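*Asks:* Here's the letter readout for the chains.
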Amino acid sequence: MERNGRLSLILQQQPDGRMVPLRRIQGHEPHSSPSLSWNGRYLAALVQQGNQRLAVIEDRLSGRLHPLRLPGNPMAVKLTLAPDAQRLAIELIRDGRRQVQMFDLSNMLEPDKPAGSRISGAPR
Amino acid sequence: MSVRSRLLAAVAVGIAVSGCMASAPRPMIGLNQQLERAGSNREPALSDRWLAMISGRGGRERVLLLDLARQLPVPLPNLNRPDAQPLSVAVDNAGERLAVIRQLNDRTELVLYRRSIGSLERLPMQPPGVPSQVSLRADGRELAVQVSRDGLWQVDLIRLP
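Residue numbers (the working numbering), protein chains in the order written: chain A, 1 to 124; chain B, 1 to 161.
One chain only, chain B, in its complex shape:
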């Protein structure tokens, strides 16, 4: 193969590669319009079927869980309360367990919510620390929590029964 042929082949391969790389994420337009209408949203956490986030409207924020298959929010009884400020949220793949970090009565706490029974369980940090971010394994069996202790950021792994 001549130098010219090799050069052309390289250019052709380059064009093909850049064509592959050009595949872009496709906005989910209908859902995004719905999210915009819901107000200001932050701290998204995604599983295959569920989107959890903190949604604000009228100066008050709450945890919102959207069923992506039906594109509708689902009720979260006993989770949101007017005197609590949610900071971070995570959801498992079944949409059954939500881990939430919230401020309540000048205390920052990590809670685990079970949607089917509407129960809320506080998970204490051991040793004590201030949680700031949480993520939940897709099977809902383990949490990773970013914790501040003595001026240091640490990550705790917490097994869940």
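Extracted from the complex, chain A is given alone in its bound form:
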């Protein structure tokens, strides 16, 4: 959604359409490429920091913002978060060529599994 001439992410709960505040990424417009985990705990997006596009993940449960600093500081164009938030794919421009690169987030984020998922090691 465009606000004051800048693209800004909004998060809308379905099906009631209630707007959910995104506190941690405000002030870093323009936003682009939003991607949600299964239950909406994590929202990944590209935001502006200075003259750079930066990939970030807002953890709506803990209130933390995770900036994703990528090796080599490439230009990020688009990102997509796996539903369980354990992996991320980013479209990058490196040496003038578009590439997709995969990243493992399991050392950073708790999984966001769908309700009713079996937890590994849980008693049967």
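Note that these hints are calculated values from the structure, not bench results.
Values in this document were obtained by computation on a predicted structure and should not be read as measured data.
We put the CB at the ideal spot given by N, CA and C, even for glycine.
Some hints here could point you the wrong way.
Residues on chain A that point at chain B, a partial pick, calculated with CB under 7 Å [said to hold, decoys possible]: (1) TRP38; (2) LEU68; (3) ASP84; (4) VAL100.
Based on the hints, put chain B in the right spot on chain A.
*Replies:* Structure of chain B alone, referenced to chain A:
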């Protein structure tokens, strides 16, 4: 606690926090090397086990679906055709449904592909508009489509049976 002690404690906490924040995403090196070898790739869409994207080689682009567990592409019969230009792709968590926006015969259309049966279904925009980006809910039951109508960008939600 003295001012000095408080200051040291604050610095220690600061170091601990910055240490936590320093955890960085880990590149999946083997898979990334494979992706680089595949050519130019764009428009990634990820589910827990699948990576869909538009992959180009030799001036032609096609939709590619990678099984991340086996790190291999899977066949997509009836989806890619030489006269169609894919623009955006999304995949559900089962790797069964792919939503694709493509240009075909000067028309931009949204199609739903079911991989197990190789079927392709065109999903018309109502009211008419030009789709540009698509995302698919992980359970494959709903699409969000960015649509241009009368010069405005809108997002349509489309329930799928």
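*Asks:* Look at each hint and say if it fits the structure.
*Replies:* Each hint, compared with the structure:
A distance limit of 7 Å between C-beta atoms decides the matter here; for A:TRP38 the minimum to chain B is near 6 Å, and the interface restraint holds. Look at A:LEU68: its Cβ gets to within about 5 Å of chain B, closer than 7 Å, so that hint holds up. Hint status for A:ASP84: holds, given a least beta-carbon distance of 5 Å to chain B, under 7 Å. Restraint check, A:VAL100 versus chain B: the minimum CB separation of about 4 Å is within 7 Å; hint holds.
Of the numbered hints stated above, none is contradicted by the structure.
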